[in-house]
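Turn these sequences into a full structure, and let the hints guide you.
There are 4 protein chains.
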Amino acid sequence: MSRDVIFQKLRQDPFAQFLGIELLDMRDGYAKTALTVQENMLNAHGTPHGGVVFSLADAAFAAASNSHGQVAVALDVDIHFVTAASLGTRLYAEATEEHLGHRIALYRLAVTTEDGTLIALCHGTVYRKEQSLV
Amino acid sequence: MSRDVIFQKLRQDPFAQFLGIELLDMRDGYAKTALTVQENMLNAHGTPHGGVVFSLADAAFAAASNSHGQVAVALDVDIHFVTAASLGTRLYAEATEEHLGHRIALYRLAVTTEDGTLIALCHGTVYRKEQSLV
Amino acid sequence: MSRDVIFQKLRQDPFAQFLGIELLDMRDGYAKTALTVQENMLNAHGTPHGGVVFSLADAAFAAASNSHGQVAVALDVDIHFVTAASLGTRLYAEATEEHLGHRIALYRLAVTTEDGTLIALCHGTVYRKEQSLV
Amino acid sequence: MSRDVIFQKLRQDPFAQFLGIELLDMRDGYAKTALTVQENMLNAHGTPHGGVVFSLADAAFAAASNSHGQVAVALDVDIHFVTAASLGTRLYAEATEEHLGHRIALYRLAVTTEDGTLIALCHGTVYRKEQSLV
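Chains as they are written, first to last, in the working numbering: chain A, 1 to 134; chain B, 1001 to 1134; chain C, 2001 to 2134; chain D, 3001 to 3134.
The set of hints was computed from the structure by calculation and includes no laboratory data. None of the hints are false.
If you anchor each label on the Cβ, the simulated ranges turn out as follows:
1. A/Q131 <-> B/S1002: 47 to 57 Å
2. A/R103 <-> D/Q3038: 23 to 33 Å
3. B/D1025 <-> C/G2069: 40 to 50 Å
4. A/R90 <-> C/L2087: 44 to 54 Å
5. B/S1002 <-> C/Q2008: 55 to 65 Å
6. B/Q1017 <-> A/L100: 31 to 41 Å
7. D/E3114 <-> B/D1115: 50 to 60 Å
8. B/G1088 <-> D/L3024: 55 to 65 Å
9. B/T1036 <-> C/L2087: 45 to 55 Å
10. C/L2087 <-> B/S1002: 40 to 50 Å
11. B/D1115 <-> D/N3040: 42 to 52 Å
12. C/H2102 <-> D/T3096: 32 to 42 Å
13. A/S132 <-> C/R2090: 48 to 58 Å
14. D/T3036 <-> C/L2100: 33 to 43 Å
Among chain B residues calculated to face chain A with C-beta under 10 Å, some are:
15. A1016
16. F1018
17. E1039
18. T1047
19. V1052
20. F1054
21. D1058
22. N1066
23. V1073
24. A1074
25. V1077
26. H1080
All residues carry an ideal CB built from backbone N, CA and C; glycine is no exception.
Now the structure itself:
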């Protein structure tokens, strides 16, 4: 199964598309996503909603963990909110593989701004199913 | 400051409104939110996106932790995905206070279906600022 | 395989014995452990070391997750430290099953004092192997 | 306050000493600890107890987060168990600072063997008090 087919499938994630999350890059065990913070993505304090930051990280996590072509489903993610970004900021999430086991794999997810300011940091665990992605 | 004023402010969270998340209830240290899973909330596997489930839990978390009228900002959340919900399902999130300290407070966030099936389970920590919410 | 055999096996956990952790109770998906904080269990600040509190919770987690007689190995645990206990205090940890899946199970672990003060709160995930415990 | 004074204080952590955890290195926002797995550190499955691995990571975390000379107390730690080590193995934990805020700081804790095999991976958050360590 080609990398392109997997990439196309993951790019068409409906919720990521709905939020305007772009899948910029995907390699074995790695993915990068981006999003620009819009007005409708703020919370009651006027900063980007935790759900937006999480969704961006989760999209990179899904792409990196499914990049091997085997279906990977998220078991858990812990997210640490470090700095509040502001309206209009372009945010990036990078998912890197910390461990790839037969059934379980672990990823580091870092959300940053263009200039490298850390916005949020996560670890995410997936369960890898027998079936292939496409 | 009245409970109603806080409730109205939290209900107007732009991202929660954008996703159709309803704030059903809010009391001191407690909140309940709901959302119906739409087509644009699915992921590449056809199940509700992790970001949607997280956002619903996070909206309850924000309301419960800000319910005392003092600004509370999320430090971290760990989410455990238990069961995949399906399209059209109505999901509920309840946030309950496990600990309320001077600066730090801890909440349990449970996402369930109408019939009580556990979809996701979280703990979330906030830092409570000096300033009041409104 | 009888409950007694499992209980005896889990009670003989060498590290739990080394620390003086007692396995007080074990039922399907539940366990309770206890420990009294000794001088050699303090940290540099003079309060119980995070590793001691974690170990007590982890012992309850191991017993509850292996209580079904199928080998369960910990994937991850998140621990939230709520209140610092003091020297000589008797601490209890209770592990309760939040979800029991075919391969994955999720537990809540609460560490408290005799009078119910919450010391630490965790969620822990296990991977359940094919093999049985004894 | 000199680095040496802080280092000496953290080295004398009673529980770390009790387990034979050595504080190998400490610099601003960084620390490294080590421990050799003994028979009394195993669990019922015959592998190093989760509490031992956690304690080693926690000792590095405490040293790194208190390295600035300001008292830092742990709020939460999430630990992901990646590979089971074996009896007699020498384990190392390195804590590196991911973010240092005025009140909150975040650390990555990695437990590895001599040859670099990843045993466990954590993120830990501290609350930084006004008072200084010594």
